[in-house]
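A.B. asks: With the hints in hand, could you dock these two chains into one complex?
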Amino acid sequence: MDIEKYRKMFLSEAAEHLQNMAKQLVAVEADPEDGEGINSLFREAHSIKGMAATMGFDATTRLAHHLEDRLAEFRGKGQISSEMIDRLLAGVDLLEGLLEDIAQGEQERDVDLFIHGEQLALIELEPLDSAEEDDACCDLASNRMLIRLLLDESVVAPGPRLLVLLNRVAEFGTVLETTPSEENLLQGEISRTLLVQLETEIPQQEILKRLECYRELSKIEFPAAVLEEETARNKPGRVSATSTVRVDTDLLDRFINLTGELITNRYQLQSAAGEKDWTELNEGLGQLARLVKSLHHQVLQVRMMPLESVTGRLPRTVRDLCRSSGKEVRLEVLGASLEIDRSILEALTDPLTHMIRNAIDHGIAKQGTVQIKAWRERDQILIQVADDGRGIDPEMVRQRALDSNLISPGQAQTMRDFETYQLLCLPGFTTKEQVTETSGRGVGMDVVKSVVEKLGGVLLIDSNLGKGTRVTMKLPLSVAIIRVLLVLCDGSLLGIPITRILQTVEVEPGEVQTSGKQLAISLHGELIPLLSLRKIMQRPKGPGKTMLSLVITEVFGRKVGLVVDRLQGQQEVFVQSLPSPFDQLRGTGGGAILGDGRIMFLFDLQSKLEGRRAKGA
Amino acid sequence: MKQVLIVDDALFMRNLLRDIFEGAGWTVVAEAEDGFQAVEQFQALQPDLVTMDIVMPRMGGIDAMRRILQDFPEARIVMCSALGQERMVMEAINAGAMDFIVKPFQDQQVLDVVARVCNA
Numbered sequence: 001m002d003i004e005k006y007r008k009m010f011l012s013e014a015a016e017h018l019q020n021m022a023k024q025l026v027a028v029e030a031d032p033e034d035g036e037g038i039n040s041l042f043r044e045a046h047s048i049k050g051m052a053a054t055m056g057f058d059a060t061t062r063l064a065h066h067l068e069d070r071l072a073e074f075r076g077k078g079q080i081s082s083e084m085i086d087r088l089l090a091g092v093d094l095l096e097g098l099l100e101d102i103a104q105g106e107q108e109r110d111v112d113l114f115i116h117g118e119q120l121a122l123i124e125l126e127p128l129d130s131a132e133e134d135d136a137c138c139d140l141a142s143n144r145m146l147i148r149l150l151l152d153e154s155v156v157a158p159g160p161r162l163l164v165l166l167n168r169v170a171e172f173g174t175v176l177e178t179t180p181s182e183e184n185l186l187q188g189e190i191s192r193t194l195l196v197q198l199e200t201e202i203p204q205q206e207i208l209k210r211l212e213c214y215r216e217l218s219k220i221e222f223p224a225a226v227l228e229e230e231t232a233r234n235k236p237g238r239v240s241a242t243s244t245v246r247v248d249t250d251l252l253d254r255f256i257n258l259t260g261e262l263i264t265n266r267y268q269l270q271s272a273a274g275e276k277d278w279t280e281l282n283e284g285l286g287q288l289a290r291l292v293k294s295l296h297h298q299v300l301q302v303r304m305m306p307l308e309s310v311t312g313r314l315p316r317t318v319r320d321l322c323r324s325s326g327k328e329v330r331l332e333v334l335g336a337s338l339e340i341d342r343s344i345l346e347a348l349t350d351p352l353t354h355m356i357r358n359a360i361d362h363g364i365a366k367q368g369t370v371q372i373k374a375w376r377e378r379d380q381i382l383i384q385v386a387d388d389g390r391g392i393d394p395e396m397v398r399q400r401a402l403d404s405n406l407i408s409p410g411q412a413q414t415m416r417d418f419e420t421y422q423l424l425c426l427p428g429f430t431t432k433e434q435v436t437e438t439s440g441r442g443v444g445m446d447v448v449k450s451v452v453e454k455l456g457g458v459l460l461i462d463s464n465l466g467k468g469t470r471v472t473m474k475l476p477l478s479v480a481i482i483r484v485l486l487v488l489c490d491g492s493l494l495g496i497p498i499t500r501i502l503q504t505v506e507v508e509p510g511e512v513q514t515s516g517k518q519l520a521i522s523l524h525g526e527l528i529p530l531l532s533l534r535k536i537m538q539r540p541k542g543p544g545k546t547m548l549s550l551v552i553t554e555v556f557g558r559k560v561g562l563v564v565d566r567l568q569g570q571q572e573v574f575v576q577s578l579p580s581p582f583d584q585l586r587g588t589g590g591g592a593i594l595g596d597g598r599i600m601f602l603f604d605l606q607s608k609l610e611g612r613r614a615k616g617a
Numbered sequence: 618m619k620q621v622l623i624v625d626d627a628l629f630m631r632n633l634l635r636d637i638f639e640g641a642g643w644t645v646v647a648e649a650e651d652g653f654q655a656v657e658q659f660q661a662l663q664p665d666l667v668t669m670d671i672v673m674p675r676m677g678g679i680d681a682m683r684r685i686l687q688d689f690p691e692a693r694i695v696m697c698s699a700l701g702q703e704r705m706v707m708e709a710i711n712a713g714a715m716d717f718i719v720k721p722f723q724d725q726q727v728l729d730v731v732a733r734v735c736n737a
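If you read the protein sequences in the order shown, they are chains A and B. Under this note's numbering, the first residue of the first sequence is numbered 1, with each subsequent residue one higher. Under this note's numbering, the first residue of the second sequence is numbered 618, with each subsequent residue one higher.
FYI, nobody ran anything at the bench for these hints, they're computed from the structure. Not one of these hints is a red herring.
Only some residues are given here: those of chain B computed to face chain A with a beta carbon under 7 Å:
id : residue
1  : 703
2  : 706
3  : 707
4  : 710
5  : 716
6  : 719
7  : 729
Note that CB positions come from ideal geometry on N, CA and C, so glycine has one too.
Here chain B stands alone, though its shape is the one from the complex (with noise of 0.2 Å):
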């Protein structure tokens, strides 16, 4: 069974997101509302996969990213991004991150993301 940690400061994402991983047999470890959460459920919990929200309060994604490829530079980490924010998910990839899913997205987008980051 494999772990995901959803970091995302907005409920309704971190629900839908939770709702698309369980319905494809995934275990929802852990989510995270910032950058600051998401680091240490990280380190506390290892999971397989995180997709991490770009934009959110005390802690921005990329630099939550950051601070757990420093530790655990193997970490599988997938971006959500909004549209508009190519920039900001292009220095996401350079700092490390595997791939990106852009909001609103599709169940099976999601799965096809997470697919090839699993198997890479």
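Looking at chain A on its own, in the form it has when it is part of the complex (with noise of 0.2 Å):
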């Protein structure tokens, strides 16, 4: 029996509704006059109620339905008090405990203390309702019930007969699922009990009534309650809730399509060579450049999710800072449609909580506004986070730098504040005993700032005193097929991520100046630090040249100018991650295999750049 495919069924429902809940109690305390929202409240609070007590979920049962009884209560009202939507918050926090230890397949955690110990401060508020109300738990899901038939041993064609018992069941009302389902039945699934959910108005004695008639049935069940039994059978543990995607049929479609035209393209490109046609060969390379693009952007689509389901989160995010912090904060969220790859969004979800964090610790004084953008620029996703608070003092910046030695007093004096702001990320900045009022933010910062390097993205902070600090993170659409840099050392071939770099350049030696040991050039007025890549490579020193080729990028928030051997131009590369033990390699983020055969790796300047730091520390 496949009790396993309900269980997941439920999780993921409930966990929508729960969702949902938080949403909405977010809102409604923002709008206390909203009755509808209440209502829509306590419906979420009866669904899951009602799935969770034909689930046999029983702590999950009791405490949805004594949610939904405060709910009700304020129904009649049409106002919630703030520390009644606290509390309301709490089971919700409370229900998602509980779908974690079903998830487990664990026992549900203890609600009763939740229940009483609310109760209990209830009773000075308002006499509480009868306690037989409590009770009414068993006809909880009046209107969904799971049947359970079997079959008798000496039924010939189980298939069929199952198929007309279902075809009979759902005569009483709305088949929601079925083990075997229908389709497996048709294609042949052998099995002799049925479990069918049904949505119906007809009492369950009435439905047994009419199955009775059957005598290939053995029995006739109403498992109110899953049975112990079977729980334990199916009980594989966790379920992996990112292990599938769901795909649109139109874009299924477009693949077959797009799969259709490769082959036609590939009979092309056959017959062309065999005949040493070479303008059509050159058309059909052109054909197959234009397929594989759009084979790319579809592929890419499969992956992506709008930013919605990351930001859904936040306004209870903000609300819960609020309430500790007694500030008045609202949350403006713009492009929550846009569509960015899964796995860069997962990575999102912690800094993003962080930098709402920072923004409302630190940003804003009393009250205002903190925001959040998310816009496409070409091959780059940028989402933005904004607060109209007092903003960074940059001088404080560079004072604490000084301080804490990051810095020498020689870079405070050049530095300018665009650069200053990025000094918030060093790791240095964000001990405890600097995180005072006036040191502004920080905090956590540099975890930020590595999470959306490690996705081959650029962060950025820029501030404006009194007016408030953005926040921004540039990010590539895709992290397994990038666009990168490709430039030589001794030999070997390197990728460098676009998206890491500011800029290239050819100078003559000449230009190059020295301050104390350090090789610099200047750049647009900006003294820039050299650093050579085959002196971090470790490889022999080059032959000298005419031009020396820089990559302009960031390092620990400062530009530096990396001097490579040759620039090799652009190209999209699809990377793979390297096997074990070669992942262990500092400055290595994965390795591709170029069109002509050649093999490069992709280079991370700072990650390289820390393992130096480490071994010298």
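C.D. replies: If you want it as structure tokens, here you go:
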């Protein structure tokens, strides 16, 4: 019996209801007169209760029932107090915990403390409804029921028999789900039991009566609860939420069309090659390039999810932070429907929360707005978190960096404001004693930055004293296929993600200046220190050259010029992660095989230098 | 008095079914040896029930049933199948057959199915 399938269905549906509840609660608090909001909260709780009862999850049922009761009281009044919202949110949290327990196949955690603890508190406010009402759990799923039919051993054609029974049951109401499914039955799956989840208004007794005339049935059951043994048998462990993707059938059709065109293209190329018809071959190759590009684009689509799936939780975060800090903050989300590669989105959850927290804790003084804005610029996704708070004083940051020996006095003098803000992402900037009220942000910004950079992106901080702060993440559209700049270093080919490069320049050796031991060049009036890729990679010095090729990039929030042997142009590459033990190599973020068969390694300057730093320390 | 149309290409099966039905007080209004005859007979007589063999010459039972249901969606049709024809039976059920019996059958099994179909 495939109870497992119902469990998954229950878990994903209940989680959706819970997320709606959390969102709705915050909305209702903002607008206490929102009677429809309260109604919809009530309905969500009711749905969870019904499903949990059907599945026999007792604690979840009781808690949902309890929340539903509380909401019912307010439904009459049309208003909910903030304290009550707190309690309800706590209840939603507890329900989330229960779902986790169920997903793990563990015993549901205790809910009595919550239920009774709350009742004790409520007694002072108002007399409780009679206790019997809480016992009304038995008629919970009045319109949903599970029916389990077991065929007698003597039935010779179980498949068709179950199909007839399924048709019969379908006459009683709406069949929500069956095990085995009708499709599987038609395809010849052999089963002697049929589990049907039915939505019906016909009472159980009546259904039993109508099914009893089937002598082929040895058992007719209405499992209000799922039997222990069944759940025990179907307890394979965690339910993975990430392993499947829903794909639009339109998209699948387009794949099929493209594949068809590729096949045609292959014959075109074959015949052109056979006849040595170079014009035709060229045309075919052009066609192939177009098709592959289109295929690439479509494949990426499959992995896309709207930003909303991450920002959906943020109103709750903002609300909790407001309650604990006593500030009044409005959250605005623009571009929530922008679609982003799911692996990038998943990695962004924590950084976004972090940035919001920073904005509220350090940016906004008493009241203000935090705005999340997402948009697309060519091959990049930009996500910006902006507040209209007090902003960051660059002087303060410089001083603090100087105090902690992160920069030299000389650097402090020449450093421009924009660069100064990037110092906030230095790991040394985030120790506890430095996070005073005036130090502004910096809490965990190094973590945020490293996540963004791991994804091949860039983090930029920009602030205006007294007006607010903007933190912008520039991210690639996809992590698997990226555009890189190919550079040569002592005969080896390295790729640097384009998103990490600010500029490439070629300069004459005479333009190189020395400041102390450090070589540098002046670019647009800005002094940029030079690093030699050969030196970093521990290769011998190269021959002297008439022109130096430089890649201007950023490390630890500072601009640097990386001296390479030669720039070899841009290319889109499919990056594959390196197998162990090569994945341990610092500075190498994966590899790719180029069209001409050469192997390229993805080069990550910062992590390479971090390795050296760690060794030096 | 309930009326039934028996469709089967084997005379032996038709006789067997006739005995069962008549023993239970039914009237066998007609017999058909293939799908074409079945459709014709149904249109002419519109019986309360049809027992329909699946594999028959000229026109099979499933096609005959489809034709009958096109004009008479309320027709009560019970398929008569042999062992090993599960797929075809399911196709028939999907196409509108109300129930089925599997040969070889016992009298009571047939009457159970008939009773259910007529009460539904």
